[in-house]
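Based on these hints, arrange chain B on the given structure of chain A.
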Amino acid sequence: MLEIKDLHVSVDGKEILKGLNLSVDAGQVHAIMGPNGAGKSTLSYVLSGREGYHVTDGSVTYKGRDLLAMETDERACEGIFLAFQYPVEIPGVNSSYFLKAAVNARRRYRGEPEMNAMEFMKLTKEKMQVVEMKQELLARSVNEGFSGGEKKRNEIFQMAVLEPELTILDETDSGLDIDALRIVAGGVNALRNEQRSMIVVTHYQRLLDYIRPDHVHVLADGIIVKSGDEKLALELEEKGYSWLEKSA
Amino acid sequence: MNNIIEHYRGEHAATKDRLPGAGLDWLDTSRDAALTIFGEKGFPARGMEDWKYTNVRPIEKRPFRLARETASDAAIDTRLCGDMACHRIVFVDGRYSRHLSEPGNPSAPITVKDLHTALLEDADTLEAHLGKIADVSRNGFSALNMALMNDGACISIADNAVPERPIHLMFLSSGKEEITSQTRILVMAGAGSQATIIESYHSATGNVYFNNITTEIRVAADASVEHYKLQHESNKAFHIATLHVEQARDSTFTSFSVSMGAQLARNDINIWMNDEGANCDLYGLYMADGRQHTDFHTRIDHASPHCNSREIYKGILDGHARAVFNGQVHIHPDAQKSAAEQTNNNLLLSRNAEVDTKPQLEIHADDVTASHGATIGQLDDNMIFYLRSRGLDYHTAHALLVYGFAHDIVEKMTIEPLRHHLQATLAGRIPGLDRPHELASGG
Numbered sequence: 314m315l316e317i318k319d320l321h322v323s324v325d326g327k328e329i330l331k332g333l334n335l336s337v338d339a340g341q342v343h344a345i346m347g348p349n350g351a352g353k354s355t356l357s358y359v360l361s362g363r364e365g366y367h368v369t370d371g372s373v374t375y376k377g378r379d380l381l382a383m384e385t386d387e388r389a390c391e392g393i394f395l396a397f398q399y400p401v402e403i404p405g406v407n408s409s410y411f412l413k414a415a416v417n418a419r420r421r422y423r424g425e426p427e428m429n430a431m432e433f434m435k436l437t438k439e440k441m442q443v444v445e446m447k448q449e450l451l452a453r454s455v456n457e458g459f460s461g462g463e464k465k466r467n468e469i470f471q472m473a474v475l476e477p478e479l480t481i482l483d484e485t486d487s488g489l490d491i492d493a494l495r496i497v498a499g500g501v502n503a504l505r506n507e508q509r510s511m512i513v514v515t516h517y518q519r520l521l522d523y524i525r526p527d528h529v530h531v532l533a534d535g536i537i538v539k540s541g542d543e544k545l546a547l548e549l550e551e552k553g554y555s556w557l558e559k560s561a
Numbered sequence: 002m003n004n005i006i007e008h009y010r011g012e013h014a015a016t017k018d019r020l021p022g023a024g025l026d027w028l029d030t031s032r033d034a035a036l037t038i039f040g041e042k043g044f045p046a047r048g049m050e051d052w053k054y055t056n057v058r059p060i061e062k063r064p065f066r067l068a069r070e071t072a073s074d075a076a077i078d079t080r081l082c083g084d085m086a087c088h089r090i091v092f093v094d095g096r097y098s099r100h101l102s103e104p105g106n107p108s109a110p111i112t113v114k115d116l117h118t119a120l121l122e123d124a125d126t127l128e129a130h131l132g133k134i135a136d137v138s139r140n141g142f143s144a145l146n147m148a149l150m151n152d153g154a155c156i157s158i159a160d161n162a163v164p165e166r167p168i169h170l171m172f173l174s175s176g177k178e179e180i181t182s183q184t185r186i187l188v189m190a191g192a193g194s195q196a197t198i199i200e201s202y203h204s205a206t207g208n209v210y211f212n213n214i215t216t217e218i219r220v221a222a223d224a225s226v227e228h229y230k231l232q233h234e235s236n237k238a239f240h241i242a243t244l245h246v247e248q249a250r251d252s253t254f255t256s257f258s259v260s261m262g263a264q265l266a267r268n269d270i271n272i273w274m275n276d277e278g279a280n281c282d283l284y285g286l287y288m289a290d291g292r293q294h295t296d297f298h299t300r301i302d303h304a305s306p307h308c309n310s311r312e313i314y315k316g317i318l319d320g321h322a323r324a325v326f327n328g329q330v331h332i333h334p335d336a337q338k339s340a341a342e343q344t345n346n347n348l349l350l351s352r353n354a355e356v357d358t359k360p361q362l363e364i365h366a367d368d369v370t371a372s373h374g375a376t377i378g379q380l381d382d383n384m385i386f387y388l389r390s391r392g393l394d395y396h397t398a399h400a401l402l403v404y405g406f407a408h409d410i411v412e413k414m415t416i417e418p419l420r421h422h423l424q425a426t427l428a429g430r431i432p433g434l435d436r437p438h439e440l441a442s443g444g
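So the sequence lines, in the order shown, correspond to chains A and B.
Under my numbering, residues 314 to 561 are what the first sequence spells out, in order.
Under my numbering, residues 2 to 444 are what the second sequence spells out, in order.
One or more of the hints may lead you astray.
[To be verified] Each computed SDA-like pair below joins lysine to any residue, with the alpha-carbon atoms no more than 25 Å apart:
1) A:Lys464 / B:Met384
2) A:Lys438 / B:Asp435
3) B:Lys133 / B:Lys237
4) B:Lys413 / A:Glu457
5) A:Lys376 / B:Tyr395
6) A:Lys464 / B:Ala400
7) A:Lys327 / B:Asp382
8) B:Lys237 / B:Tyr395
9) B:Lys413 / A:Ala452
10) A:Lys438 / B:Glu439
11) B:Lys413 / A:Pro404
12) A:Lys464 / B:Glu277
Just so you know, the hints here were simulated from the structure itself, not pulled from any lab data.
Here chain B stands alone, though its shape is the one from the complex:
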């Protein structure tokens, strides 16, 4: 453990003069403080309740390094989601690539900047907002991200602005030596605005790297933000991501989180509904095979009355894969008339796959409606028989039912190219699924 802490101290020392915002006193101080916290905490130990089922020792064993320069020739098609019209900002090995990005001249009501540029041009705004929702002392990953954040994006949407196109932050891994990216994303959606933000993670090769991401999203009053996170990392990668959202009065936040890749993927999603009338919907889909491990920890705080939350997470596990779902909902003492719904359904395709699912509802108000349900099951023999009795062979029947299990999450995606992209991804992961796009024609 001490060695790895020394290693990251060394990374900080070697790169600090070139990290985004270097020389800004407030930021240098924050980074130093975070490094101290990381030194004290290290990476989470399995004794910690939140990390009971997820062992991060393998991350500790490798001295991942921050990329020192921007790769220029990532062999990845950046039109991954079709020809979707969007403001696309591309990062390679965690560093902004001006060459691959197509910001598409976002007009005045929205600004999309890489972290270096944002800290140069809007230092005061960032000082006021960066790290204000995320808690640096939450755990070692949060602290490490603050200390070393080496790039990322800052998105600002003016009051009442409704950008036509989504903003897509695309993170590519080039396949170079063992790289870590400490990515930081800040989104500020002004009052009455409406925006769609996509974070996607891809790899050119099946190599080992470590992505540690912290995303903060502030949703002002009456604003509506849809956030998509598509994790298609290499099957050897480590992916640790924490999303913090703070919602103001009558705001809406929708999250789609798809976790397909990585040998170890951990997603923490924290929603704080700060004022009355806020509404949040969280949808998730995870698929894991082989020895993959995927872990979702979500926490929704109903801190005010009259807020609604809905959460649907689905998982498909094969091989020796393991999944963890922990869904916390906290309804605070004054949060009367809260409504919270949560479901987590898991499909096990192998005897050796395993799921630990735990809903945790803490209700401190009396006039609320809250429900939760979790299931773990196999494919239904009746359904297989029905499909086969019409002439479909076993593999096709199997594939259709696996797809059908995931379908209601796919169907809720409002952006068509993303829906098609996810269907194609599913088809790639489910052998025997023919012409997946035709599956989309109904509900």
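Bound conformation, chain A alone:
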């Protein structure tokens, strides 16, 4: 599904990713762990097409196409979803209107008929239950005045509604208490199946108790220095990152 080869990315003239390789097959969950400043968020943003992230070398192929040649919204319509580490507040833009526009943008892209208000209501009602989100949040402006936990739940709720094929969870666990973490992870797990892939970017192992990865990679100083299975995450939790950085 996703093939990243020798990816080099610079931000403001500084190289952050220095030859990253990663291959994600359909249905797999890959965890990317690493210390602060390793390039985890850069990877998330470059995959979703944020401006200011300059690919200087390498390639990213998604479903057989050159991902880097696509605009951000085209990537979204092709099934890529980024759950933001810091979801953006958008004053004055109604959540429900925004999400319906997003749903219908994808449908138009795929040549499917647009969803009407009734269908959309039914869909959102069902998905809100998955993340135990209050219905009233949908009537408010996007993320405005939401608590930290509500913002993260809203990301997972949007993911549940949009049903992406490749989800990138960028530090979704940061700032969540254990109950919220369980709810968020429940939302993610509900979406797992053999077609959908996920990249779970996290600093801590604890999220991986709830969202169990098929593969774990350690990102340090712009490259993947070690890959393994779930046990690698536990090892990191125990020993920290310093032993890997030294060996790298």
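Below, chain B alone, put in the same frame as chain A:
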């Protein structure tokens, strides 16, 4: 300059026998005095501090004429704000149109009259109140309006009356030759009354005309008045409007001023809070594109203790448009426990658009809370990225954010048809905004 003064003297001479209230000594005297003041002052020069950024020379260059007769066939849908139930008084080219108006038999506690009728039937009341809040010598426009006022409305709301429906004064421009309307509006809201007044300005065509409006509103003790002013003039029109409000004890005044049209629009809003416990909220939204110029000068006088004022103005500028916002708040020496808040936020959608914003707080009392803030900025890249990451294309994301910027002003409008009307107007001005009415469902 002298030529144009002569021109308006000529308009006065040619029409004075037919102007509203002609033959009333006090009014004839006032008009003559105002004409003299206009002759002395002329139109404001850019050297004047209040007119520093707004050049009115283009108004001076054209000999606008008062409409001599009432147009009968204005090609404008007067149901502009949907089927809103209201007392609607329509003016075409500045003249009252009995034919288009639907006053809807306002019952005894309120009277809504065109200026001719009011001066015929209630001359004594008007003598006591007309021009008592507005200062004729304020500038050339004020003087010209007093000298030539050729129509308008007089609204009177009895003590404790609460009219169910808003009173809508609708001003249409028919598209005839270069017309000026010197419009006068007087509103007297009695003690304990509650009323909603709408002034709206529209044009059938994109022609050049000059509207000069003076509105006086007297809000008696415990009364509450909501005033909406929607300016949708032709993009070639000149629109100069001055609103004067005087508030008595424990009264509330709310103003919404929307400025969308005109090549040059200048709005002055002056609020005088005369007695304790008065409260005023001023909301404004201006949008300008191309070479449009829009200017708001607001002044709030806290002349008594325990008064509150709140002001939120937002502007969206594109093309080579220019906007001016000047917000004065004067807290008088005895006005302890005053609270004043002011914000002015501007969104620039083009490199060539320009805003001059100036808050001016003058505080002469010590026990007050006052704040102000002004911003000028562009759309936030983070927000655009967030929306696009969900699949919205750039234009839709852009349109939503522009709408979102204006939304909190729209949302504060309590009259639903007006809110929908404004949303539709915004959608018309912001390409890419689909189904704008659905945006209203939340806060």
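Structure-based check of all given hints:
no., hint, result
1, A:Lys464 / B:Met384, "holds, 15 Å"
2, A:Lys438 / B:Asp435, "holds, 23 Å"
3, B:Lys133 / B:Lys237, "violated, 32 Å"
4, B:Lys413 / A:Glu457, "holds, 17 Å"
5, A:Lys376 / B:Tyr395, "holds, 24 Å"
6, A:Lys464 / B:Ala400, "holds, 23 Å"
7, A:Lys327 / B:Asp382, "holds, 21 Å"
8, B:Lys237 / B:Tyr395, "violated, 31 Å"
9, B:Lys413 / A:Ala452, "holds, 16 Å"
10, A:Lys438 / B:Glu439, "holds, 18 Å"
11, B:Lys413 / A:Pro404, "holds, 14 Å"
12, A:Lys464 / B:Glu277, "violated, 44 Å"
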